[in-house]
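K.L.:
The residues making up each chain are set out below.
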Amino acid sequence: MFRVTRRYQFAASHRLHSDQLGEKENQQLYGKCNNPFGHGHNYVVEVSARGPADAVSGRAIDIDRLDGLVRRQVLEPFDHRNLNAEVAAFAKVVPTSENLGYEICRRLKRNWKEVFPGQWPKLEKVRIGETPRNIFEVCADEIE
Amino acid sequence: MVITRKIEFSASHICRNPQLSDEENRSLFGSAANPHGHGHNYVVEVSLEGDPDPVTGMVLDLKELKEILTREIVDPYDHRFLNYEVPPFDREVPTTENIARDIWRRLESRLTDHRKKLHSIRVYETPDLYVDYCGERACSA
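If you read the protein sequences in the order shown, they are chains A and B. Here our numbering is used: the first residue of the first sequence is 34, the next is one more, and so on. Here our numbering is used: the first residue of the second sequence is 15, the next is one more, and so on.
These are computed hints drawn from the structure, not numbers from a lab. C-beta: ideal position from N, C-alpha, C; glycine also. A portion of the hints provided could be inaccurate.
[What the hints assert, rightly or not] Coverage of chain B stretches by chain A, computed from C-beta distances (three or more under 8 Å per stretch; other residues unrestricted):
#1 29-38
#2 107-114
#3 141-154
Pulled out of the complex, with its shape left as it was, chain B reads as follows:
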C-alpha cells in the first residue's frame, strides 16, 4: 500500500552553473538564470510504501509523518533562498530534479524500517511542471 502526504513551501532560487559563463547560463536556463533570483510555491508529495501496523491499522501515523516533513523539509526550505541558505544548493543547481533528489536523501533513512520505505517524491515547481524521483531506480509507469 502507498500513502501520500502533501507539503508546501515557498522559496527563491537561481538556476546557474558557476562553471558556465553568464551567456551560457542565460542560453541554458533562460529567465531562470536571472542573477537576482525568482521564486515558486513548491508543492511536494511524499509517498511511503508499506503494510499497515496490525495494531494501529496505519502504515505511519500521519501526525508523525507531518512532524517529520515539517522538521526535515519545510523548516529548512520555506521562505529561503535555496542557493544561499540550503545546502547542497551552494554546490548544485537547484533545479526541480535536484530538489526532488535532495528531499529524497533527507527523508529516506527517517521513513524506512522493517514495515515501510520511501516510495517516491513528487515536486511541483508550478501546477504545470513536476518531477518524480524514486531513488536510483526508475519510477514505475
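So that you can see chain A by itself, here it is in the shape it has in the complex:
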C-alpha cells in the first residue's frame, strides 16, 4: 500500500472576521488578521492519496488526473482571489486555514469518484501550509 503526495501552491487574500462577534471582539481575537483591507498568503496544499500500485503502470495514482482535479476544484477558483469576496463557501464562514482545509478536502472528496471511479486510489488527507510555520491537516474521513 502506498501513499502518494502531491504539492500545489496558490496565492490568495483573506480577512479573518466573524459575523457572530463585535468589532472590538474581532480585533482582539484575530489581531492583524482582522485588518479590514485583508492580507494574503502563498498557500501550499499537499494532497495525499492511498492505494496499491497498479500491475501495469507500477503507479498508485494517475498524477495527471489528480493535477486536473486539483486545478479545477482548488487552484482555478482560489488562486489570486480574495477568499471572503470570491469563494462562496467563505461568504459566511471565516476563511481560517482550518476552514480552508475542510473546504478543499470537501471539494476533492465530492468530485473524487468522477476522476477515480475504481476502488483505489482513495483520498487520504489534505495539508495546508498558510505560511511555512503554520500547518493544518485534515483527514478525508473527518468530513462528509
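Here the structure of chain A is known, so what remains is to put chain B in place on it, guided by the hints.
P.N.:
Just chain B now, kept in the frame of chain A:
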C-alpha cells in the same frame, strides 16, 4: 520513537512497460516514457521505529545508519540509469512507488532487530511529488 535519516541520489529512468506498445506507453506515462530517459534528484527519508538503547541513548547510531544507507542505497542507485543498471528495474517500471518498495526491501532485514524496525520510506521524485511506503501495511495517517 521514530528517527529519520535523509539521503539523496541522482539517477535517470524511463517509465515504460515492455508489455505495452509505444503509443500506449506514451499515453500512460506521458513525457516520462521518452525512450532516451530523463533524470531526477531523488531524496529519500528512511525512518526507524524503536526504543533507545539504555546504554547509548540511541535507537541506532546515525553514523552506522549513514554507512548502511550509503552501502545499500546510494552506492547502487547514484548516477545510474535505473532501467539498465539497477535490478529489479530491468523487470519493473521504476516509478516512485516501485523505487520506494525496492528501498524498503533492501533495508528491512538490515535495520530490524529486537529493539527497532523499519518504519517508513519516503521518496521524493521532485519537491512536489513524493511517495510513502510502510511495507504491506498502510502508513498511518
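K.L.:
For each hint, tell me whether it holds in the structure or not.
P.N.:
Structure-based check of all given hints:
Look at the region 29-38 of chain B against chain A: 4 of its residues bring a Cβ nearer than 8 Å to a Cβ of that chain, three or more, so the hint holds. Residues of the region 107-114 of chain B with a Cβ under 8 Å from some Cβ of chain A number 7, which satisfies the need for three, so the listed coverage holds. For the region 141-154 of chain B, the assignment as covered by chain A holds, since 12 residues bring a beta-carbon within under 8 Å of that chain's beta-carbons and 3 suffice.
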